[in-house]
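Residues in the sequence shown are numbered from 1 upward in steps of one, following our numbering.
Treat the hints with care, since some could be wrong.
Cut-off 16 angstroms, straight-line C-alpha distance, at most; resulting in silico cross-link-like pairs (EDC-like, lysine to aspartate or glutamate) [what the hints assert, rightly or not]:
id : residue 1 : residue 2
1  : 89        : 67
2  : 83        : 73
3  : 126       : 109
4  : 126       : 161
5  : 131       : 96
6  : 156       : 178
7  : 80        : 96
8  : 83        : 67
9  : 115       : 161
10 : 156       : 130
11 : 126       : 157
12 : 132       : 161
13 : 103       : 157
14 : 115       : 96
15 : 89        : 24
16 : 115       : 73
17 : 156       : 190
18 : 103       : 161
Calculated directly from the structure, the hints in this document are not laboratory data.
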Amino acid sequence: MSTLPSRNIALLLIGFQRDYFDPDGILFSVVEESHRISGTLEHTIQLIDSIIDSPVTIVNTPIVFSETYHEIENPMGILKAIKDAEAFKSGTPGAETIPQIAKYGDRIDVIPGKKGFNAFSNTELKDLLEKKGIERLVIAGCVTSLCVNATALAAKENGFEVTILSDCTSGRTPVEQDMFCKEIFPLFTDVIDHNQFANGILRDSD
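With the hints as constraints, model all of the structure from the sequences given.
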């Protein structure tokens, strides 16, 4: 991973919502085992706490659908499952950002508008990153094979350097998580854990 000043780095949070992370969440079972093995939430909170006073930009990109899910045209696969289960519906508890992330308040920029896998699509994410002079995007969240992968590819295509945090991301299964972090992501990104990232930021801040 190339060395950049902390002010040119952003931590991107994907999917940290009740339907994925609350035990009562509609899609919790989809990523529960991977959450547990990776320690996704615990490591992400540890990371945020360690860099909270640094110049690193932190961005949350929740996915929220209207009551009719009209944003999903010809739904297939997981998008069909989301619609059928009525997950991430606007105004429901499941669409809310989990309190462990929400507690940071204005320290985390919230970019609304995400309706699919790619956090750049139909949002102002790219504009925010360019305005802040961000050169590297560091990604945490879920689901690894879907939103994390799609957003990482889009970030690369938009000219950003990309890092995936292996212990702050969750796949549908531990096998999927392991495959993406060891075989897929290294083809176009750096893959490190949250301690490696935090230690680099703290050294830069000294």
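Hinted pair residue 126 and residue 109, Cα distance within 16 angstroms:
holds, 13 angstroms
Tell me if the straight-line CA distance from residue 115 to residue 73 falls inside 16 angstroms.
OK: residue 115 and residue 73 at ~11 angstroms, within 16 angstroms.
Does residue 157 sit within 16 angstroms of residue 103, going by the straight-line distance between their CA atoms?
With a Cα-Cα distance of about 32 angstroms, the restraint between residue 103 and residue 157 is violated, given a limit of 16 angstroms.
Does residue 132 pair with residue 161 here, judged by a C-alpha cut-off of 16 angstroms?
holds, 15 angstroms
Assess, step by step, whether the Cα of residue 156 is no farther than 16 angstroms from the Cα of residue 178, and give holds or violated.
violated, 21 angstroms
Quick one, are residue 156 and residue 190 close enough, alpha carbons at most 16 angstroms?
holds, 11 angstroms
Are the Cα positions of residue 89 and residue 24 separated by 16 angstroms at most?
Given pair residue 89, residue 24 holds - Cα atoms ~15 angstroms apart, limit 16 angstroms.
Distance restraint between residue 126 and residue 157, which requires alpha-carbon spacing of 16 angstroms or less
Between residue 126 and residue 157 the Cα gap is close to 11 angstroms, so the pair holds against 16 angstroms.
When you check the alpha-carbon spacing of residue 131 and residue 96, does it fall within 16 angstroms?
Given that 16 angstroms is the threshold and the Cα spacing comes to 27 angstroms, the pair is violated.
Could you grab the alpha-carbon distance between residue 89 and residue 67 and see if it respects the 16 angstroms cut-off?
holds, 6 angstroms
Quickly compare the C-alpha distance for residue 83 and residue 73 to 16 angstroms and report which way the hint goes.
Holds, because 11 angstroms separates the two Cα atoms, which is no more than 16 angstroms.
Taking only the CA atoms, is the gap from residue 80 to residue 96 under or equal to 16 angstroms?
violated, 20 angstroms
When each numbered hint is compared with the structure, violations occur for hints 5, 6, 7, 9, 13, 18.
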